[in-house]
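Enquirer: For reference, the chains in residue letters:
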Amino acid sequence: MTDLVKRRRPRPRRRVTVVGVLGELLITAGLLVLAFLGYQVWLGDIIVGNQLNTEASEQGSEWGEDYSDVPPSEEGDPALTESPPVGVAPANAQRFANLIIPRFGGDYYRPIAEGVGTTDVLNKGNIGHYPTTQMPGALGNFALASHRSSGGGNFHDLHQLHVGDHIYVETSDGWYQYTFRNLEYVRPTGVGVIAPVPQADGVEPSERFITLTTCNPFFSTAERIIAYGVYDSFYPRAGGVPAEIATNVQGAG
Amino acid sequence: MYGALWRVLPGPWWVRALILLVAVAAILTACVFWVFPWVDTLVAPQDVTVDG
Chain P
1 MTDLVKRRRP RPRRRVTVVG VLGELLITAG LLVLAFLGYQ VWLGDIIVGN
51 QLNTEASEQG SEWGEDYSDV PPSEEGDPAL TESPPVGVAP ANAQRFANLI
101 IPRFGGDYYR PIAEGVGTTD VLNKGNIGHY PTTQMPGALG NFALASHRSS
151 GGGNFHDLHQ LHVGDHIYVE TSDGWYQYTF RNLEYVRPTG VGVIAPVPQA
201 DGVEPSERFI TLTTCNPFFS TAERIIAYGV YDSFYPRAGG VPAEIATNVQ
251 GAG
Chain C
254 MYGALWRVLP GPWWVRALIL LVAVAAILTA CVFWVFPWVD TLVAPQDVTV
304 DG
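Chains as they are written, first to last, in the working numbering: chain P, 1 to 253; chain C, 254 to 305.
Each hint should be verified, as a subset may be incorrect.
Said to hold, decoys possible - Okay, the calculated beta carbon distance ranges per label pair:
id	chain 1	residue 1	chain 2	residue 2	range
1	P	Asp69	C	Val296	25 to 31 Å
2	P	Leu43	C	Trp267	56 to 62 Å
3	C	Val275	P	Gly20	24 to 30 Å
4	P	Val230	C	Leu281	15 to 21 Å
5	C	Asp304	P	Arg103	24 to 30 Å
6	P	Asp120	C	Ile272	40 to 46 Å
7	C	Val268	P	Asp120	45 to 51 Å
8	P	Gly164	C	Tyr255	28 to 34 Å
9	C	Val275	P	Trp42	23 to 29 Å
What the hints assert, rightly or not - If the Cβ cut is set under 7 Å, some of the chain C residues that face chain P in the computed set are:
id	residue
10	Tyr255
11	Ala297
12	Pro298
13	Asp300
14	Thr302
15	Val303
In short, the hints are calculated from the structure, not lab data. Quick reminder that beta carbons are idealized off the backbone N, C-alpha and C, glycines included.
Construct the entire structure; sequences and hints are all you get.
Expert: In structure tokens form, the structure reads like this:
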């Protein structure tokens, strides 16, 4: 019996070598890089995007506090559509509006802040408003920039817009409804896209446009993809939320 | 390195495995919420605006 116990010797240990440890470290680093790629192309924008949806909807329900019992509306207000309210641009990096695009999903609800600075506006997940362009409701161009991927990927699906899709800008006053018209691809220097009348330098605007700009292709800064929309109508808060985005707005509140 | 870690951990094999599982989960969580967002700002395309 004692013989048997004695015979059970511990397994021989493999010696720890420099090369062995180095190999294990490299494998670990490889797995971490793989995990980061998964984060960058997939998980990150889901986490940050959901966070942004929540922040924007909190702001939206704060603005809509007094009108929570107004039913959704199928049409904008005719008189206000002719001359919608025009807000005053806030200080740099301050949020003042939300963007809602039904094509991007029933929970898509993203904050718009003043300015297009990389660190103070865009990397915080905001959609940035070019400060040289007009405010929503004013004749001219309401031009926005945001990340295609990373930072919530607010404009990830810009290429998925169909002609006739609606784009809504929500402010404390109500909702500006725009209709998507077309996409354009330009070089990073193509500043004509944010002119008061896009790509028509020096022309006096008689309409209200929205321009969304982001980078193209994915994970590259070689080009810019541009989406244009034209203003349709204005939905004041007192008239109720546009029926099309009731799920975006009320699903949150 | 990992062999040594396995031997240092106490308990039967399933306790060790559980400890490692929790440790890996904690490390991945820290990566996803703090490390990766920071790395992302260094490697992701930063330039999304048009300018002259």
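Enquirer: If you check each hint against the structure, which ones fail?
Expert: Hint check: 1, 2, 4, 8 fail, others pass.
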